[in-house]
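> Chains A and B supply the protein sequences, listed in that same order.
Quick note on the working numbering: the first sequence kicks off at 1 and runs consecutively.
Quick note on the working numbering: the second sequence kicks off at 1 and runs consecutively.
Calculated directly from the structure, the hints in this document are not laboratory data.
Note that the coordinates shown come from a computational prediction; the quantities given were computed from them, not determined experimentally.
Incorrect hints may appear among the rest.
Any copy, or any two copies together, can satisfy a pair, since identical chains are not distinguished.
What the hints assert, rightly or not - Capping the alpha-carbon separation at 16 angstroms, the derived lysine to aspartate or glutamate pairs in EDC-like fashion look like this:
hint, residue 1, residue 2
1, Lys180, Glu168
2, Lys234, Glu209
3, Lys180, Asp190
4, Lys180, Glu144
5, Lys180, Glu45
6, Lys234, Glu56
7, Lys208, Asp230
8, Lys203, Glu70
9, Lys224, Glu70
10, Lys265, Asp78
There are 2 protein chains.
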Amino acid sequence: MKALIKKRRNELKEGLREEFSQLGNRLGREAVLVSLALEADPSSEVYRNSIKKKGESLGVRVKLMEGNREDLRRLNRDPGIDGIIIHCRRENFLEYSSLISPEKDVEGITPLNLGRLVRGEDGPRPATPLAVMEILKVLNFPLEGKMAVIVGRSIIVGKPLIFLLLAENATVATAHSRTKPLERLTSQADLLVVAAGRPHLIKPSMVKEGAVVVDVGINVVDGKITGDVDPQVKEKALLTPVPGGVGTFTPLMLFSNLALLLRRKLEGKTSHNSD
Amino acid sequence: MKALIKKRRNELKEGLREEFSQLGNRLGREAVLVSLALEADPSSEVYRNSIKKKGESLGVRVKLMEGNREDLRRLNRDPGIDGIIIHCRRENFLEYSSLISPEKDVEGITPLNLGRLVRGEDGPRPATPLAVMEILKVLNFPLEGKMAVIVGRSIIVGKPLIFLLLAENATVATAHSRTKPLERLTSQADLLVVAAGRPHLIKPSMVKEGAVVVDVGINVVDGKITGDVDPQVKEKALLTPVPGGVGTFTPLMLFSNLALLLRRKLEGKTSHNSD
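Bound-form chain A, shown alone (with noise of 0.2 angstroms):
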């Protein structure tokens, strides 16, 4: 699976090269996207150096910046800004990530975009449920008429996940932490999606033989980066790797979504629809 996974990357890759390309040519200048820290948080600075990296890899240019919503605002406003991510503390995520222009919400959080996504409008999306559907993709699974079940509820991944499950004719269930007992829903999927933030909770008993499973977890347990899924899983079903599954699509993501926000922009589309 792994070989696969890096051979759809590459391609992904490639596409989005040659987009961002053709877009430049458009534009007149290099797209750009800004990561704009709300907070002072070093456990992100990792992630926002590896977005600058393959950015700049993808020809997009990725300007780190540190801020309050004012900045915000401005960059909002401002033409020569395309995408916008944000980085803040948990419990603020709700109220700023409302505040982003949804014209330039690559993480497809806004409101606005989430509320296009249920009624099956066309926007950016959020990132790791379309690197799951990516991993589908690459599995080749088939998801109409299927049973899908999702562990997890969160806004970014669980819920939106529902409505690309369900737009592929998956009948889809949601379990998390109030859903007991939870092997009694997660047996039965044919897919099994896991984000639920909590190393190894799924063990094998709790998986049907021959399911797919799709580990979406990244924990770091004794130093080491584990997901949602024991391994041991691995021998009963079809189970993607932590590192190297999901998490290999999911920057890419943001990339295709900037993309989708810049062609639209020069098609001189909004997503404003209301007065």
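Chain A is fixed; fit chain B onto it per the hints.
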């Protein structure tokens, strides 16, 4: 159950009457809701007239109008109009509904308001899912940890209901026309909500003994209104009636949303957070 539903309906009506009286004092006029027909549709006449009558019994002036999208834009801007419901052909619903100002969206169906629902933020909600939640209150049905299955995935019922049920800590599964066999999922439901638009789709064999079954269907068969659930389901489950069940609350929820939007307006809050 019918007596409890009527009691709750009367309480809601009484509460709304008082609230609109107070809101009217603060506004210096009656609250005004426009029912705008964007396309001639004689089948919506009965519904529109019932909304008008309901509004007037609550102290809300309901204007029945016909018009085009320019009229809709004008109503969005008109400070004398507090809420707007549109009526149009199903194939135009997505487009027209996205034109409604989120501040006047008493059906909770605009992209911004649906996105706020996904994010768990305050705002108007689609009326039928709210009516389902009222029924569950009447039945005093605690949702925490329960398995809830929704049959149907429309933008106005099935999809928004997912979030209202998740917010109450239910485990939530969405089934639809491609879910086969449907009974495998429905027979596990502690709460089964059926909004499929197919008369008597749900048979007794598909329902768990002792479940709560909420029938959202309103179908006309041989000139008689029937639900999506076979009435024989009553033998083994608590089944809400059609008519006299969810539909008792649905129009009231439009006015409950109108009251919410008016309170916000008077507090000077808007639902536009971004520039």
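> Are the hints correct? Go through all of them and say.
Hints and how they fare:
no.	hint	in the structure
1	Lys180 - Glu168	between (27 angstroms within a copy, 15 angstroms between copies)
2	Lys234 - Glu209	within (10 angstroms within a copy, 37 angstroms between copies)
3	Lys180 - Asp190	between (19 angstroms within a copy, 13 angstroms between copies)
4	Lys180 - Glu144	between (27 angstroms within a copy, 10 angstroms between copies)
5	Lys180 - Glu45	neither (37 angstroms within a copy, 47 angstroms between copies)
6	Lys234 - Glu56	neither (36 angstroms within a copy, 63 angstroms between copies)
7	Lys208 - Asp230	within (14 angstroms within a copy, 33 angstroms between copies)
8	Lys203 - Glu70	neither (47 angstroms within a copy, 58 angstroms between copies)
9	Lys224 - Glu70	neither (38 angstroms within a copy, 59 angstroms between copies)
10	Lys265 - Asp78	within (13 angstroms within a copy, 30 angstroms between copies)
Violated hints for the displayed structure, listed by number in ascending order: 5, 6, 8, 9.
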